[in-house]
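Knowing the structure of chain R, use the given hints to seat chains S, P and V on it.
Protein chains: 4
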Amino acid sequence: MSVRVFVTGGTFDKEYDELTGTLHFEATHLPEMLRRGRCMLDVRVDVLMMIDSLEMKEAHRQRIVQACREAPEKQIVITHGTDTMVDTARMLSDGVPGKTIVLTGAMVPYAFGSSDGLFNLGSALSFAQTLAPGVYVAMNGRYFTADNVVKNRDVGVFEEQGG
Amino acid sequence: MSVRVFVTGGTFDKEYDELTGTLHFEATHLPEMLRRGRCMLDVRVDVLMMIDSLEMKEAHRQRIVQACREAPEKQIVITHGTDTMVDTARMLSDGVPGKTIVLTGAMVPYAFGSSDGLFNLGSALSFAQTLAPGVYVAMNGRYFTADNVVKNRDVGVFEEQGG
Amino acid sequence: MSVRVFVTGGTFDKEYDELTGTLHFEATHLPEMLRRGRCMLDVRVDVLMMIDSLEMKEAHRQRIVQACREAPEKQIVITHGTDTMVDTARMLSDGVPGKTIVLTGAMVPYAFGSSDGLFNLGSALSFAQTLAPGVYVAMNGRYFTADNVVKNRDVGVFEEQGG
Amino acid sequence: MSVRVFVTGGTFDKEYDELTGTLHFEATHLPEMLRRGRCMLDVRVDVLMMIDSLEMKEAHRQRIVQACREAPEKQIVITHGTDTMVDTARMLSDGVPGKTIVLTGAMVPYAFGSSDGLFNLGSALSFAQTLAPGVYVAMNGRYFTADNVVKNRDVGVFEEQGG
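If you read the protein sequences in the order shown, they are chains R, S, P and V. The first sequence begins at 4 in our numbering and counts up by one. The second sequence begins at 4 in our numbering and counts up by one. The third sequence begins at 4 in our numbering and counts up by one. The fourth sequence begins at 4 in our numbering and counts up by one.
Accuracy of the hints is not assured; some may be wrong.
Copies of the same chain are indistinguishable here, so a pair counts whether it falls within one copy or spans any two.
Straight line, CA to CA, 30 Å or less: simulated BS3-like cross-link-like pairs of lysine-lysine [what the hints assert, rightly or not]:
{"no.": "1", "residue 1": "K102", "residue 2": "K77"}
{"no.": "2", "residue 1": "K102", "residue 2": "K60"}
{"no.": "3", "residue 1": "K77", "residue 2": "K154"}
{"no.": "4", "residue 1": "K60", "residue 2": "K154"}
{"no.": "5", "residue 1": "K77", "residue 2": "K60"}
In short, the hints are calculated from the structure, not lab data.
Isolated chain R, as found in the complex:
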C-alpha cells in the first residue's frame, strides 16, 4: 500500500531561530520522523507549502485539494497547523471523493523534544491504511470525520462538535 504525505507546515515543522529568538520554518522534519519510526511503508513525501495554518488562505486550500485529487494514491496524510485544520478538512471533504485523507498536526514542534508529532504521525499513517474513503482528522490518539470535529482552543484538544 502506498501512502502520499503532503506537508503544509504548521507547528509540526516549526523551529527555533536562535538568531532572532522566534519560531520559523526551515525544511520539513517528515523524512527524519519516518526514519525514526523505522517506517517501512511505501511513503512519498511532498512539501506543498510551509506556513502557519492561521496564514492559510482559500488559494492555499485549493492547492491542497488539487494535490489530493491529482495524487495517484488512494491513501493520503496531510500535516497541517491545528488552528485551521478543520477548515481544510471540510474543503477536502467536498472536493476529493473516493480517497482516505487523514489530516494531522502537532501541539508542540517536533524539534522540541516533548512533541506529540511522532505519536500523531504514527497514528495518521495507520488510520490512512484502515479507514474507509473519507476525510478525517487524526489527533489525540483518535480520529474524527471532517463533518464532526472542532478544536477546543481552551484546552488544545480535538473533539466531536457536540462534545
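Then chains S, P and V, alone, in the frame of chain R:
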C-alpha cells in the same frame, strides 16, 4: 471506544541504570507517552510483567492470553519485546477470539531520545480502533496478521513471512 | 565552596506555550538542570525575575546588582538573556567588588532538546569556582571579562570587543 | 588558548545497538557536543581509543600518558569511563608534569537524552582553562585533584578521599 493496554516490558520500557551501566526495567513509560501524545482515548493501562521478551516463557504467555480474555474491552494493545512478539501473537491468535489485539514494541528504548516507541504506540492504538477482530503486529508503520509476520533480525524490521 | 545562582529568565528558561503557539516563561529549569548534571556543589538557586533580556530596564539591573551585593557567597552565577547580558555585566562590574560573578545564558531554550544551556551552565559554575574576583560572561566554552566582550548578533556568538 | 581533547570512550560515548539490544561504541559524540555547546574555543579532538574503562589496561594508560606528553597544548581534557578514571588520573599525575589535565566522563550516555555529558564537558573545558598545572577530575560540577578523589559507586558521584 475503550482500549486496554497491557504492558509486558521489552525494549520499549528499558532504562539505563547509571550505577551498573546496564539496561534494566523500572516503571513503565506508557502513562508518560500517552500524556505526551495528548491521547484523549479512553485507555486503561495495566502492567502484566516487565521482562525482556527473550526471557518470556510459556507461563508468561498464558498470563497474557488470560488477561486478554478477561478484559471487558474489545480493543487491546500489548507492548512487548520485539524478539518473541510473533510467538506471543500466534498464541493469542489461537486463544482469544472476537477481539482486535495489536502487539507493538520498540527497537530503541523510549527513554533514549531517538526511540521509535512513540510512533509505534500512536500506530498501534490507531490500528486497534480500526482493524477487524484478530491478532496483529504493528511495527514500522505497518500492520501484519499474526499468521504472516516475522522479525528480520538482520535489519531489525518486521516483514510478511514470504517477504 | 558555595555558589549562588540568580535566575533572571532569558532564552535559557523559555518554553513553548502550546495553546498560543508562542514562547513564554513558566518555572525555571535550573533545579532540573543541576539534577541532570548530577551537580554536587553547594548551590542555592534564587529566581530574581523571569524576563526576556530585551525587556530588562535599569530597575531590573539595579535589583540584580543589589542581590549580588547582599549574597553572602563570593561565587555567583547569573542566568540571563544573551541580548543585553553585556550591559548587565558592566553594571555589575561597577557595582559589586570582591566577588566572582559569571553571567551565562543560552541560544536555544533548555526545554528544546538541542539547547546549549546545559553546556553553558557546567561552564559557568566551573569558571565561578576558579576565576579571580571580577565580572565575566561565560558563553561558547569561553570566558570574557565584562569590559571586553560583545555579542556578535550576526552569528550568535560572544567575542572580545576588538574581535 | 588551545585545548586538546583526548577521547578514550566510556559511558560518554556509548550507544544503543538496536539489532543486539546491547550498548556499544560507534563514533565519538564529541564534535556534535561541541557544536551543540556552540563552543568557539580552539579545540582539537583526537580519539585515542573507544573502550569501557573497566577494560582499560596498563598499556592503554601508557598510551594516554604518552599522548598527553606529546601534545603541544598545555590544556588537555580527557573523556574517560568513570569506573577507572581515578586510576588514569594518578598515572597522569606521575607522568605528565607542567600541564593542566582534566578528566571527565558521564553517568549516562550522551546519546540518551538525559545525560550529564554536556554539563560535564562544559565544566571540564572551563576548568582546563583556569586551573593551575596538575591533573584533575571534573565531575558533578566540581573538580578534584588526582591525589584526592574517589568514585563512590553506591551513589555514583565523585568525592574527596576522606569524603
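Results of checking the hints against the structure:
1. K102 to K77: both (5 Å within a copy, 28 Å between copies)
2. K102 to K60: This pair counts as within: shortest intra-copy Cα distance 23 Å, inter-copy 44 Å.
3. K77 to K154: Both, since 26 Å and 28 Å are each at most 30 Å.
4. K60 to K154: within (19 Å within a copy, 39 Å between copies)
5. K77 to K60: Only inside one copy: K77 and K60 sit 25 Å apart there, 42 Å across copies, limit 30 Å.
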